[in-house]
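The listed protein sequences derive, respectively, from chains A and B. Using our numbering, the first residue of the first sequence is number 1, and each one after it goes up by one. Using our numbering, the first residue of the second sequence is number 1, and each one after it goes up by one.
No false leads were mixed into what you were given.
Not everything, but these chain A residues come out facing chain B in the computed CB check (under 7 Å):
#1 P107
#2 M303
#3 I307
#4 V308
No lab work stands behind these hints: they were computed from the structure. Bear in mind that the values here come from a model prediction, so they are computed numbers and not experimental data. Every residue, glycine too, gets a C-beta built ideally from N, C-alpha and C.
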Amino acid sequence: MRRTIHEKKESKIWIIPFILFIYAIPFFSSDYIIYSMNIIGISVVGAIGIDLLAGCAGQLSMGHAAFLAIGAYSYGLLVHHFQMGLLFSLLFSGIISALVGLFVGIPSLRLKGLYLAIATMGFVFITEEIIKYMEWLTRGVRGLAVPSARVFGVVLDSDFRVYFLIMSVAVVFTVAGRLMLDSKIGRAFIAIRDSDVAAESCGINLTVYKSLAFGISSFYAGLAGALYALTVGLISPENFGIMVSIQYLVMIVVGGTGSIYGAILGAIFITLLPEGIRFTQYVLPDSIAMSGYFQMVIYGLTMLVFIVFEPQGLYGRWQVVKNYWKAFPFNPVEVKRVAWIRRWK
Amino acid sequence: MILQQLISGLALGSIYAIIALGFVLIYKATEVVNFAQGAMMMVAAYFSSTLLLTLKLPYLLSFGLTLVFAALLGMVLDRIVFRPLIGYPLFPIVVATLAVAIIIEGVCGMIWGPATITIPSPFPKDSYQWGNVFIAPVNLWVIIGGLTLMLFFLVFFRFTTMGTAMRATAEDIRAAYLCGISVKRVFTITWAVSAAVGAIAGMLTVPVIFLWPGLGHIGLKAFPAAVLGGFGSIPGAIVGGLVLGVSEVLASGYLPEGIKDVFAWILMLAILILRPEGIFGTYEKQKKV
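Looking at chain B on its own, in the form it has when it is part of the complex:
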């Protein structure tokens, strides 16, 4: 029983983790806190639903096209909205991302309507049985996907030129610029990659959760995950997401009803009061004036 709950918790947590990964990528490189991550995930899921249901394209092709679409969306957002805001303090940037989230939700509602949509799952229906524990293939793939993404980005940030450039940009925009890093390109690529990660989260989520224009609000749940692991840390986002998912499933099993929806936030408040830097992270450094 508890093992079964652990598995479904891990699957839920992986979804949180992948969304949180999107936040963390943008935060690491551009110091923008993207409240629109959930909305970007939703619009990608809608796009894939059109490809799969209306145009009846094969799954892998639509997956690829959705990633491309999301990356383009990220680039456009960066160019139009966020590049003019470089150097602004936190408050206007937060409100700008909220505005983007609202616009995306409105546009999706206008195009696809308020009805819920389900997307067929590409994975087999039958659960794998292991002892008396059942694992749905969707859950398994979600967990695998989350871990793969984490490993990929760990390697990417540590060993590639672009990753190093991103870390340098996050550290100090001007110094990075003086070292010859094309800051604008770094920002564009970061937004594209982050939006693509959001699209992966969307494609993985939607077979499990209904798709509707308000789905983006699940993105807010990824904030506790990111804070739990330490904002700005990639393994932190994944571990935070997993911890959050497991504890949420356990809370809904053993604690009074109604607490499930806010358990993530209670946990986060506790973490913020006791250890604001999270499990892995470093607390926000004193900003240079």
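If we strip away everything but chain A, and leave its shape as in the complex, we get:
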């Protein structure tokens, strides 16, 4: 980790009690909260994956659901048909997904922006159809039952027991993602996002790093898919539609693109949003508050509000607040500049 001399390294000591707190949560929470936390942990892994690809490397992919599906099904099949061990299957489903990701990443070398988004969107539909078609292997639309995992003699058959596995994976891969962003790989991704011509002229091999971005992102997605299969126990192609891809993109937009903390905040926010919407039933009549369509409207409005008013996401807002208090009594008065074209920055 190379830093300039002016940059003071921030103390990260608060992370240790935070992790301890996470591990303590299930001992005093209801089953429902533990289940929600499990889903949040899975979403965090998946969101970091898409953030590395779309947020950091700037390759807008709508294919994340397909990689989740590949991870989930590889895990399910490895456990179901071949009775592989838990950790091995988890790792292996991530690797299978990463290999497919590398393969899908090949067109990304030629395609840019919009075209890549549409191509990866097609990949989601094709994967869904292949899973339905290979019924002899994946049991098609009836869904594949995933047996409870067993690790070191403990059967992970309840949300309480799965919790520790999911959180450990989430913590490990969050730290890994953070370290990767600070390394040569992360800097190369960000250079490619800002301008791939400039990146190439700085000696960054576009072929290698774009494929790598796809590979790493799909590894995370595969891992998240495997964890999902393990938690839910029954997976079917409907769980991995195009809406799932969109949901993950929304997570990083809401949280703030291009930062690991942003991905985590976004994953928490979007996973808890339906719970928040449920509180409206105290105000609104049941027929509106409980309908799925009302949830869709709120969901869409949240996306729009964040994009239009808070383009840097939750994490960006947090940094603004933090910097404000850091400089507190001496804040410069901001002069509102009338900009004809507003910029993303």
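Starting from the known structure of chain A, arrange chain B on it as the hints suggest.
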């Protein structure tokens, strides 16, 4: 037999083509990729269903009112959502259009409910017979409508001041602005026109396909059509849509079952790998920094 399939393929393709035309119009003028085109089509169809079924207005009047409604919707969307996003990169804009699509789908579901609706067709029921080929009047009108729209917009972009202004805006917003083009007005009009095209697609589709809040997803199918023809090219959108429709019908006839729904995407991936600029289009130029 094959001629019959060709005709139904052309009809299906024309629907794709008209939706794709809506995408291409917005993309050409504003460089926004509108994932909400299908949703805009759906809401217009719902609006017309209320006019036709509840208020029992005559068909042509409801058609006109639906077009006006769609145009207003496009203007409102432009003013509220997309104008603040001018100058943003692709990613937030794509997510914003997706958000609009989700909101429209949710609102339609809340107003009209999840049940499917059929709208009476204004066209005669009996098929025209030509040799041993039967053409349903709906299909004929869909094909005619698609071709007419294409010709109209070709002329519009080539020969009118507004069309030229739109092309200039797409080329370079700032330069267009400096030349005295009112960029804001261009954007508003583009959104209105594109939404109206979506409404036409909706009115033509709904007698053939059931109307329900998820209908907007058919709009995604128009992406392969637009890519096939070359994104940003009007004849490309039409030809791409027709090719897609025909090949989809042929694929469902001669290839194993299940491939029909994804054939469009497979075809598109092949095109993207072999010839990313599509049949007519020019590949996305290097963006100015």
